[in-house]
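First to last, the protein sequences are chains Z and E. The opening position of the first sequence corresponds to residue 96 in my numbering, with each subsequent residue numbered one higher. The opening position of the second sequence corresponds to residue 2 in my numbering, with each subsequent residue numbered one higher.
Calculated from the structure, these hints are not laboratory results. C-beta: ideal position from N, C-alpha, C; glycine also. Just so you know, not all the hints are guaranteed correct.
In silico SDA-like links for lysine to any residue, alpha-carbon gap of 25 Å or less [to be verified]:
(1) Z:K254 - E:E75
(2) Z:K230 - E:L80
(3) Z:K230 - E:M183
(4) Z:K230 - E:E75
(5) Z:K254 - E:T82
(6) E:K150 - Z:C135
(7) Z:K230 - E:T179
(8) E:K150 - Z:Q137
(9) Z:K254 - Z:R265
(10) Z:K230 - E:K150
(11) Z:K254 - E:L80
Which chain E residues stay away from chain Z? Per the calculated CB distances, all over 12 Å, these [said to hold, decoys possible]:
(12) L5
(13) N50
(14) S96
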Amino acid sequence: MRVTFTVNGRQHEADDVWEGESLLYVLRERMGLPGSKNACEQGECGSCTVRLDGTPVCACLVAAGQAEGREVTTVEGLPEFARRRAGGAERAAGDAEAAAELSPVQQAFIDAGAVQCGFCTPGLLVAADELIERKPQPSDADIREALSGNLCRCTGYEKILDAVRLAAARADETREVV
Amino acid sequence: MEFLRPASWEEALAAKAEHPSAVPIAGGTDVMVEINFDHRRPGHLMDLNRIPELHEWEVGDETVRLGASVPYSEVIDRLATELPGLALASHTVGSPQIRNRGSVGGNLGAASPAGDSHPALLAAGAEVEAESVRGTRFIPVEDFYTGVKRNALAEDELIKNIHIKKADGPQQFSKVGTRNAMVIAVCAFSIALHPESRTVRAGIGSAAPTPVRPRAAEDFLGAALEEGGFWDSGATLTPSLAREFAELCAGACNPIDDVRGSAAYRRRAVGVMARRTLGWTWESYRGNRPGGTTTEGGAPCA
Numbered sequence: 096m097r098v099t100f101t102v103n104g105r106q107h108e109a110d111d112v113w114e115g116e117s118l119l120y121v122l123r124e125r126m127g128l129p130g131s132k133n134a135c136e137q138g139e140c141g142s143c144t145v146r147l148d149g150t151p152v153c154a155c156l157v158a159a160g161q162a163e164g165r166e167v168t169t170v171e172g173l174p175e176f177a178r179r180r181a182g183g184a185e186r187a188a189g190d191a192e193a194a195a196e197l198s199p200v201q202q203a204f205i206d207a208g209a210v211q212c213g214f215c216t217p218g219l220l221v222a223a224d225e226l227i228e229r230k231p232q233p234s235d236a237d238i239r240e241a242l243s244g245n246l247c248r249c250t251g252y253e254k255i256l257d258a259v260r261l262a263a264a265r266a267d268e269t270r271e272v273v
Numbered sequence: 002m003e004f005l006r007p008a009s010w011e012e013a014l015a016a017k018a019e020h021p022s023a024v025p026i027a028g029g030t031d032v033m034v035e036i037n038f039d040h041r042r043p044g045h046l047m048d049l050n051r052i053p054e055l056h057e058w059e060v061g062d063e064t065v066r067l068g069a070s071v072p073y074s075e076v077i078d079r080l081a082t083e084l085p086g087l088a089l090a091s092h093t094v095g096s097p098q099i100r101n102r103g104s105v106g107g108n109l110g111a112a113s114p115a116g117d118s119h120p121a122l123l124a125a126g127a128e129v130e131a132e133s134v135r136g137t138r139f140i141p142v143e144d145f146y147t148g149v150k151r152n153a154l155a156e157d158e159l160i161k162n163i164h165i166k167k168a169d170g171p172q173q174f175s176k177v178g179t180r181n182a183m184v185i186a187v188c189a190f191s192i193a194l195h196p197e198s199r200t201v202r203a204g205i206g207s208a209a210p211t212p213v214r215p216r217a218a219e220d221f222l223g224a225a226l227e228e229g230g231f232w233d234s235g236a237t238l239t240p241s242l243a244r245e246f247a248e249l250c251a252g253a254c255n256p257i258d259d260v261r262g263s264a265a266y267r268r269r270a271v272g273v274m275a276r277r278t279l280g281w282t283w284e285s286y287r288g289n290r291p292g293g294t295t296t297e298g299g300a301p302c303a
């Protein structure tokens, strides 16, 4: 079957999709968006976390056909998504500067040393970005709760928690300046 | 495989009548796992996400009508006052990502004995509204579970709503697992005090082939509270009374040994959860009675 939906602001289409296929498979294997990672395929690890009409979900548990006509945001779209949320202007596709840009949450993960093997990182970024959007000054309990569906086997999580605190603190500073 | 995409409830019922083996999919948190792991290859997959009324809920005078696909996250955020036991249970489901998609209707459809919402539904009192092109049935939730991953739905029926009694007293939910998030219950327990009818109901999960109500324990406690005048006096519960309730709850279990825990552990843990949750709810009931002796709130005058 054919499925059509919006990914990171652009309409994508995939043909010959098997009816039992997951949104994750379609994103990775048919739309050339391998940012969302495929690990447990049962919703345990959160490495495939994307936003479906704004809501964080495991892409491995959404049937491709269920995404028809809906809006998906993946880690590839985070910089643009964050820019637009902050009121920035839309940029043309292929803009070299835009391609190199990172969202504040991504930058915070790098600065806090929250990335080791990196496999869990895309899912964590999407979940953390949504948390800060929903709750700009999250408590430690909020952070733990929001990331409780994302497993990391390298870091022991401390640096990840640091990164989310850092991203939230920076967003706070930005708001004060404005 | 064929992907069915009914745009309305009527279309869904017609499709289910035409293809009785079609597997309904809403949040996908159970169904997609089975498909991803090749445990299931249904001829038809029927997407219920496009049917608006399944995502709606409504608070009535005595019950909450909960659409089958309302996600757990909404139960937690919006219905914690009316359905405190179910909201607590919902909070223990999987992770935020899972709670954003999974629903009570899906839990009932899968009918796993370990489903988190079952004990809370049993304790609160609930009816499953099942519909087919032939008509509508309201199935008391205790009659809905018929075996391990089996339920009372006919093959052409779909779950439309769950009608859950609004809390008229304190409710609690407790679950044993290895960590807080992403845990399938080793066993679970829910209790609801019903001061209006002066009864206590409970539900046990993952400690028998189906979720069960410990009826002997409920009857014992109901009678003991009544005879001892506890509802009116708001007195502290006698320890022997809580102990007897716990033992009867443990006795209602019919557990198995499996990877998550032994039968003996489950029986013991259910007893412990029964005693604790009874203590929590009773203290809350006492605390909500101003002065401790009047009968305001849910407790009717004797």
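Consistency of the hints with the structure:
no., hint, in the structure
1, Z:K254 - E:E75, "violated (31 Å)"
2, Z:K230 - E:L80, "holds (21 Å)"
3, Z:K230 - E:M183, "holds (23 Å)"
4, Z:K230 - E:E75, "holds (17 Å)"
5, Z:K254 - E:T82, "violated (37 Å)"
6, E:K150 - Z:C135, "holds (23 Å)"
7, Z:K230 - E:T179, "violated (29 Å)"
8, E:K150 - Z:Q137, "holds (18 Å)"
9, Z:K254 - Z:R265, "holds (16 Å)"
10, Z:K230 - E:K150, "violated (38 Å)"
11, Z:K254 - E:L80, "violated (35 Å)"
12, L5, "violated (9 Å)"
13, N50, "violated (5 Å)"
14, S96, "violated (2 Å)"
Of the numbered hints given earlier, the model fails hints 1, 5, 7, 10, 11, 12, 13 and 14; all others are met.
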